[in-house]
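First to last, the protein sequences are chains H and G. Quick note on my numbering: the first sequence kicks off at 126 and runs consecutively. Quick note on my numbering: the second sequence kicks off at 32 and runs consecutively.
No wet-lab data here; the hints were simulated from the structure. Fair warning: there could be bad hints in the mix.
As the list claims (entries may be wrong) - BS3-like cross-link-like pairs, simulated, lysine-lysine; straight-line CA separation at most 25 Å: (1) H:K177 to G:K132; (2) H:K179 to G:K132; (3) H:K194 to H:K179; (4) G:K132 to H:K194; (5) H:K128 to H:K194; (6) G:K132 to H:K226; (7) H:K226 to H:K177; (8) H:K128 to H:K179; (9) G:K55 to G:K132; (10) H:K128 to H:K226; (11) G:K55 to G:K99; (12) G:K109 to G:K55; (13) H:K128 to G:K132; (14) G:K109 to G:K99; (15) H:K226 to H:K194.
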Amino acid sequence: LAKTTQPISMDSYEGQEVNITCSHNNIATNDYITWYQQFPSQGPRFIIQGYKTKVTNEVASLFIPADRKSSTLSLPRVSLSDTAVYYCLVGPWDTPLVFGKGTRLSVIA
Amino acid sequence: DAGVIQSPRHEVTEMGQEVTLRCKPISGHDYLFWYRQTMMRGLELLIYFNNNVPIDDSGMPEDRFSAKMPNASFSTLKIQPSEPRDSAVYFCASSPRDNSKQYFGPGTRLTVL
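If we strip away everything but chain G, and leave its shape as in the complex, we get (with noise of 0.2 Å):
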């Protein structure tokens, strides 16, 4: 399996623009979670489906940030407008059972100028 697949890799915008990020899960796992770190606040979950449906999105920071998973092997993370502060690098994901063992993918580093 190739893992956790995340697109982009970096993402340069200007203050603003939408962004969106991408997301391929493990084939098989029932859970993805979107996380997004900072040298500040550390690494932060920001919400996770199981099966497709958000289970808990309290970490979604306000209403400019949005996420959908259509089905089973694809999710987005939207930020519109997106502003400085949500610069991070943003983790994708997946676990086949429970919380516990997730597999993460490489990150979407984001730049927001």
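Chain H with its partners taken away, still in its complex shape (with noise of 0.2 Å):
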């Protein structure tokens, strides 16, 4: 499985737009790119999933560059619900994704 780096930790005030990038250099022609929320004393939440250039749903962007080395959740306009941890996952569709640390985003009022 591709290895995936995300910062840590990230704050932002509210109403503000949020990136949060994921690098994984090693990711292989048919992997894919998904993205999952954590709410404290939750489960995790699918977000979003992209093969290739950009995805939008609801909740959140995904925009994913040509070499596909790395990729950027966008969370517009957030607010304090939006504090949670944000895991990039890279893997193909018949492989358990592995769940790193991820990215613990804290909105502040």
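With the hints as a guide, bring both chains together as one complex.
Printed below as a string of structure tokens:
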């Protein structure tokens, strides 16, 4: 599985756009990029998934450059309720993904 | 759908006792995963099943841990005997057709005294 590197923590003020970048230099051709969100005392929750270019849903956007060696999760206008740990996972459909330490996002009023 | 259901939500037991954690996956999901989460080690995959068959149990820490899935709607994770270092939050997750989009349960917080 591709190794991922993401910041340990980030702080943001309410209303700002937050971008969390994940590096995955050894991503394979059949690997997808998946992001999960985990609130305190809850299980992780799937946010978004992509293979290349840009993916957008009601929660976030995922930007993937042409070389796919990194990806950026973008959260528009964060609120206090977006305080959570965000995990970047890379791997193929048929292999369980490995959760790293994630990025702890703290949103400040 | 009610989502993935886990029971109990909290378990406090004494060292040496048997602990059984239960999980009901989302109906129609083919995959079931058991994870353990601690501050030190993060979220670790213990074992996963496909259509009730264990596929990979390489994450199970030792022989004290066992997992079963007797049917498509029920799975158990058993620890016998339990030790204080087993204290963690145990999550069950299910997935409809692949390993990437998983739906997690609320977890069971296990404390072994």
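So, going through the hints one by one against the coordinates:
| no. | hint | verdict |
| --- | --- | --- |
| 1 | H:K177 to G:K132 | 17 Å, holds |
| 2 | H:K179 to G:K132 | 18 Å, holds |
| 3 | H:K194 to H:K179 | 14 Å, holds |
| 4 | G:K132 to H:K194 | 21 Å, holds |
| 5 | H:K128 to H:K194 | 11 Å, holds |
| 6 | G:K132 to H:K226 | 18 Å, holds |
| 7 | H:K226 to H:K177 | 24 Å, holds |
| 8 | H:K128 to H:K179 | 21 Å, holds |
| 9 | G:K55 to G:K132 | 17 Å, holds |
| 10 | H:K128 to H:K226 | 12 Å, holds |
| 11 | G:K55 to G:K99 | 12 Å, holds |
| 12 | G:K109 to G:K55 | 15 Å, holds |
| 13 | H:K128 to G:K132 | 19 Å, holds |
| 14 | G:K109 to G:K99 | 8 Å, holds |
| 15 | H:K226 to H:K194 | 19 Å, holds |
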